[in-house]
Amino acid sequence: MNTSYYISLITAIFIGGAAGYVGSLMATKKMSLVGDVLSHIALPGIGLGLLYGINISLGALASLVLGILLIWILSLRTELSMESLVGVVFVLSLAVGFLITPEEELLHSLFGNISAVAMSDAVAAVFISVIVFIAAKIIYSKMMLAYVSEDLAQASGVKINKYNLIYLFLIAAVVAFGIKVGGTLLTSAMIIIPAATARNVSRNMRQYSWLSVIVGVASAIAGFAVFPFLAERFGLSFVAIGPVIILASIAFFAVSLVFKNR
Amino acid sequence: MDFQDNQNLIDNKEEKLLEPAVITPQAVIVPRNPMSGEGVELILEVKNLTVSFDEENVVDNLSFSLKKGENVAIMGPNGAGKTVLLKALLGILPYSGEIKWSEGAKISYVPQKILPERNLPLSVEEFFRMKKAGREQAKEALTSVGITDERFLKKMIGTISSGQLQRVLVAWGLIGNPNVLLFDEPTAGIDIGGEETIFNLLNKIEKERNLSIILVTHDMSVVYGFADSVLCLNKKLICYGPPAEALGSEGLKKLYGEGVTFYKHEH
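Respectively, the protein sequence lines represent chains A and B.
Note that numbering that gives the first Met the number 0 has the first sequence beginning at 0, numbered continuously upward.
Note that numbering that gives the first Met the number 0 has the second sequence beginning at 0, numbered continuously upward.
If you're looking for bench data, these hints aren't it; they were derived computationally from the structure.
Beta carbons: idealized from backbone N, C-alpha and C, even for Gly.
No false leads were slipped in.
Facing chain A, from chain B, some residues (calculated, C-beta under 8 Å):
| id | residue |
| --- | --- |
| 1 | LEU89 |
| 2 | ILE91 |
| 3 | TYR108 |
| 4 | PRO110 |
| 5 | ILE113 |
| 6 | PRO115 |
| 7 | ASN118 |
| 8 | LEU121 |
| 9 | GLU125 |
| 10 | MET129 |
| 11 | LYS130 |
| 12 | MET155 |
Work out the full structure, taking the sequences as your base and the hints as a guide.
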């Protein structure tokens, strides 16, 4: 257990908590599919980052912001649903990302490479997680109101389009800085699964939002806790810790199904 | 970004599919029972209001005014622009023409039925907190609509009955002590439970709080028993005035087409 291990652990804990929290809004918005697909839009940016030696989180962030703006503008200009627009931008990103990402790095881009987390990455991840958490907390009840009734929200002065855009940027930030933990494929799971777990057992918004954070954090800790045993038994490399974290969150989800409220 | 896939939204799409209509004369609503004293003070003036979607006028050159404390029922067939009118009055739809609320008008809105999912993790209390209403305010507003059980605040909003939900929405509208309430079809097929009807509830709230109420309704007993004036809308203004005058059989025919008859209930 060296320093790098603890740096990775701290990164995973903060990203896990922030992802769980923003994810709890996504699960109420029935946007889980959008979020799932959104993380892949990071791929071209990761590819470019690797090619030109730029920090891949910054590359991913740039790529996500561009993709989100594209989707947002198209959704305002056309009658197409968000799902189909995200779908188009998703395959575009996947194709471009696959072409430009060096082949030996593709697997890490898709599944994460937590061993690559440097001290600077960890600091950035902690900082971004806290910012995302605060921003999400500010817009939380307005987003929830818009989910209950768009008309009531608008009549109360909530600018729904504006909040949606802010929200998507928050997700982009979590994905960009969580990419080394879970890659583009698994980061979305860190957003969706804790919230789905919390929703099964929560009776109000307060329980729901906090439980989403707790499950996100607990999954990261549980992943790191069980990893040494799995690694010893199956000879896993440290890279595999991202997938183990996701499996831990799935385990929490399974437990929540047992206690599902009616 | 929109919420088009969201099943909880109020679906007003049919109102976009309307033909353009002709220009109407200006109308001023005269209340059946003018309020004593301050009855002449206008709280709302609407002039030449036009709301269009895709270059089709859904509300066409509508003018009317509303006196303080006056209750108006808006009637019209499906797709007549009733909900659109309410939303324009709320300022959440772009329009041309003039909508002038008097200074000090505090407007609140009660939407058509919403459909929260059963397992939506949101308690009634938290729903009120979204309008910055604390526990005591929520309790007071709920008492106004006949819900006095304190445990009700802890219930998940998706699990209460549709009648209770209707009451909650009315109570939510009362938060912040508005002096104008806009109701979108408060009766829309809902039995609000108990012996009370939505009509009794509206009367009670209006007496307690001295509000102007603008409501969209199809319920003739509400129109005759509660509204000072009725505004018939089918994109343009069809008829207006005290219900008994405005809703002669000619007025109804113009509004809903031939073959519509209505038997007036005496109260």
